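A.B. asks: Let's have the full structure, built from the sequences with the hints guiding it.
There are 2 protein chains.
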Amino acid sequence: MTQPTFSTALFLPFLHASHTGPQYQRLFRAFQQAILSGKLSPGTRLPATRPLCCALSLSRNTVKTAYEMLHSEGYLETRHGAGTFVSQRLPEASPARSVSGATAGAHITPPRLSKTAQRLLQLNNSNPPATGHLLQPARPCVQSFPWQQWQRHVTAAARQMKHTALINRLGSDELREQIASYLQVVRGVTCSADQVLISAGSQQGMYLALKLLLDEGEPVLIEDPGYQGVDGAITAAGARKVSVPIDDQGFRLQDGLAQAPHARVAMLTPSRNHPMGHTLSLERRLALLSWAQHCGGWLIEDDYDSEFRFDGPPLTSLQGLGGEHCVIYTGTFSRILHPSIRLGYLVLPPSLVEPFHTARRYMDGGLPLLPQMALAGFMASGQFSSHVRRMRKLYQQRRDQLHTQVQQRFGDQLQRVEADGGMHSVYRLPAGYNDCQICDQAQQSDLGIRALSRYYANGTGQQGLVIGFAGYTLAQMQQGLDSLLLIFQGLEAR
Amino acid sequence: MTQPTFSTALFLPFLHASHTGPQYQRLFRAFQQAILSGKLSPGTRLPATRPLCCALSLSRNTVKTAYEMLHSEGYLETRHGAGTFVSQRLPEASPARSVSGATAGAHITPPRLSKTAQRLLQLNNSNPPATGHLLQPARPCVQSFPWQQWQRHVTAAARQMKHTALINRLGSDELREQIASYLQVVRGVTCSADQVLISAGSQQGMYLALKLLLDEGEPVLIEDPGYQGVDGAITAAGARKVSVPIDDQGFRLQDGLAQAPHARVAMLTPSRNHPMGHTLSLERRLALLSWAQHCGGWLIEDDYDSEFRFDGPPLTSLQGLGGEHCVIYTGTFSRILHPSIRLGYLVLPPSLVEPFHTARRYMDGGLPLLPQMALAGFMASGQFSSHVRRMRKLYQQRRDQLHTQVQQRFGDQLQRVEADGGMHSVYRLPAGYNDCQICDQAQQSDLGIRALSRYYANGTGQQGLVIGFAGYTLAQMQQGLDSLLLIFQGLEAR
Chain A
0 MTQPTFSTAL FLPFLHASHT GPQYQRLFRA FQQAILSGKL SPGTRLPATR
50 PLCCALSLSR NTVKTAYEML HSEGYLETRH GAGTFVSQRL PEASPARSVS
100 GATAGAHITP PRLSKTAQRL LQLNNSNPPA TGHLLQPARP CVQSFPWQQW
150 QRHVTAAARQ MKHTALINRL GSDELREQIA SYLQVVRGVT CSADQVLISA
200 GSQQGMYLAL KLLLDEGEPV LIEDPGYQGV DGAITAAGAR KVSVPIDDQG
250 FRLQDGLAQA PHARVAMLTP SRNHPMGHTL SLERRLALLS WAQHCGGWLI
300 EDDYDSEFRF DGPPLTSLQG LGGEHCVIYT GTFSRILHPS IRLGYLVLPP
350 SLVEPFHTAR RYMDGGLPLL PQMALAGFMA SGQFSSHVRR MRKLYQQRRD
400 QLHTQVQQRF GDQLQRVEAD GGMHSVYRLP AGYNDCQICD QAQQSDLGIR
450 ALSRYYANGT GQQGLVIGFA GYTLAQMQQG LDSLLLIFQG LEAR
Chain B
0 MTQPTFSTAL FLPFLHASHT GPQYQRLFRA FQQAILSGKL SPGTRLPATR
50 PLCCALSLSR NTVKTAYEML HSEGYLETRH GAGTFVSQRL PEASPARSVS
100 GATAGAHITP PRLSKTAQRL LQLNNSNPPA TGHLLQPARP CVQSFPWQQW
150 QRHVTAAARQ MKHTALINRL GSDELREQIA SYLQVVRGVT CSADQVLISA
200 GSQQGMYLAL KLLLDEGEPV LIEDPGYQGV DGAITAAGAR KVSVPIDDQG
250 FRLQDGLAQA PHARVAMLTP SRNHPMGHTL SLERRLALLS WAQHCGGWLI
300 EDDYDSEFRF DGPPLTSLQG LGGEHCVIYT GTFSRILHPS IRLGYLVLPP
350 SLVEPFHTAR RYMDGGLPLL PQMALAGFMA SGQFSSHVRR MRKLYQQRRD
400 QLHTQVQQRF GDQLQRVEAD GGMHSVYRLP AGYNDCQICD QAQQSDLGIR
450 ALSRYYANGT GQQGLVIGFA GYTLAQMQQG LDSLLLIFQG LEAR
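Same order as they appear, the protein sequences are chains A and B.
Okay, so the first sequence: first residue is 0 according to numbering that gives the first Met the number 0, each after it adds one.
Okay, so the second sequence: first residue is 0 according to numbering that gives the first Met the number 0, each after it adds one.
These are computed hints drawn from the structure, not numbers from a lab.
The structure displayed is predicted, hence computed values, not measured ones.
Just so you know, same-sequence chains aren't split out, so a pair can sit in one copy or run between any two.
Within a straight-line C-alpha distance of at most 27 Å, the following computed DSS-like cross-link-like pairs (lysine-lysine) qualify: (1) 240 / 114; (2) 38 / 63; (3) 392 / 161; (4) 63 / 392.
C.D. replies: So, in structure tokens, the structure goes:
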């Protein structure tokens, strides 16, 4: 066997390339790369550190450190009295063994994703996130957010955290207390802080609830039309959605049970259907509670923006109507305060507290404490409630402003669906118009309005436009509606 | 039909009970409760507002508002010219319809959890979280955390958030940039910021990865012994664990494949096996990469505390060794900085970025931005790196302190397993000792040490103690070890 030889020329390009980090590390990587790519083959004798440092104009310490690293990672071996060699135990170089990565490290057999991941990708492709900025539904007025007050609570929270050693996986105790008492007063929710779980917005809450209540393929009754994010949570949890039509009284449970007689879980927005705004009638509420209690089922009550009811105080939640043991109540702060908050909550029936706490231990270990503590302070100071009150007034004005502007431009062409609050209005389109086509064009003018038919199962629903008003000034509304008008004129001209 | 009559006496107890909220709300609830519980039956005529406000000593507005609320929620109906009545459409009262909740609203058929939830509860029962505080593994030195500097970055982040409108579900762009360049320099990870996903600690990262790569029941190869949290993530994701023994070279892939020839995913700690501290040899690393590339498989590299290697710079990650396309690299800040941080990351192969981004959209919508921005600022300032350096020195001292103290008390009875770093030491027990028994007793003395045998599949492993040193002063170590000595003396006396 002829002994492979060493050439310092091999290293100069690596050393002078755009590698970052200290010199010993760059030299280490240069050796590593040369060995793994086969330029230095197993058994090659390495020069001693002294001649190498002269040849490469590096300090002796740099070379020694790099050699030590190569040793400790197993690239080199020392033969007593004979010097240092590239380890004989290394396999011969193969194209897959290049640190430079990119194509070299690519899979030879294409990798596969789980069925869940595949289904989620499919759903995402059929329902890409809207990219337009103007007149998006569910966008709060971020300019009105009381940043100065918020910053004070953030700073206080950062100070407080110094003294917080034990982490409760359900969430900050302070925030859970605040939420429990807020919901008791404002939403008639019957709960103690122990039943509150802090989530990263209501999407995580929904996913967690579905995952812990339903097995793969089990049915869950949902509203048709309904919030699109629900589809994603159901798909991620592996459950099967059963779309239940709503009428002006809300959710028609019997229609759902006709499709899925053994269903045990229903997920709905009793206070205000998303997007239509219908309220679930008292009769239907009582019937749902009675059904859940009799079949050992669960109701997931998504109370996503009930704070913004304009025509009187918020309605009593389903949970507060005797549903303490079968209703999982969810809400979010991202819609009320600011999209970057990313905090929401579940109110759990007492029997679900332990199972959800356990799942938290293994599924995410709990959320960052800092924003929870800041929000707890913000709520305790009363600034949260007063912000909600201010926004309720502002959003009511904005709803009316939007309507005036729509009427000025579209007259009777767009008919508003009446709703008692919220952050968007739904307008029905006249016959012959295609809402998906309009919204796809609108996206190109940076409009974030949504097609009503996309909220229906299988797109069989009514044609209309879902237009957000909460986050936009009069000037922005005018700009957005002017763009929309141009699209309508373009359609009519054809 | 005789008409049911109304008595104000019905309301006095409710009004004077401990209900919170404004008076109109308390009156509303009193009516609601009376109607739902059947004390006011359908068809009962209500008194006009004026006599009622006199009878109850309430303002007329209070009574009017309560009546309006009852109307809008469907409890009352107005018959033209005849007055206001309890709605005839309401069903007759049933015991399940009591707002007072508690037993009344309980399930008649017992509710059921998903199989996932049941399995997680079972796992939790067999492996309850440790409650002792002293000498816990994985606990950083929270006293050394640079609170003042951190607070400055938190305050700056709160200010910055005002200008952040669009939320990237993968995480804050600033933090992802910082992590990518940190990992490139320190861990030889080959990645751009686009490949980084911010998670709520490594537990969420592991769960997400397993859920998106493996179908129900598919095998995942894991280390035996290994980190206990892995079991939970696997159970939550519905995968099947295949325990693969490690030797002094680390993970024995062939043993794993003998048990599960079609396995496509392995999850391991190449830099330092948890808890034993063995490092995966270069040969085994290359063999693992080659296997993953050939079978279209994935390697999940948990690099949980590789920052704390005492005997030289951290080792190159598996990802940086040509694994860019098949390695999912995970790390966490909760162990390095403070348990309340609850932020970690995944570095994804480019082909997984879109699937994970999509899953994020539907599974949690992304994490709170505030702590991410604060951490990005902390890293950009260089304070993160210097904290890590300080802790590396401190932990090395503490490891040595612990060893001295153990030797003083236990002599040769406890034999340390050598490791080149970390936040805990493993000590083997002499024959005849039962580590679970010792640790169960230790819990009662507030000790958080763990039984080594519990890190092995089926508890078949070696007997030993896993003792954390990173988070404890010399005095705390002495206190903890004194308690442990008492337990040993108690055992010997028997």
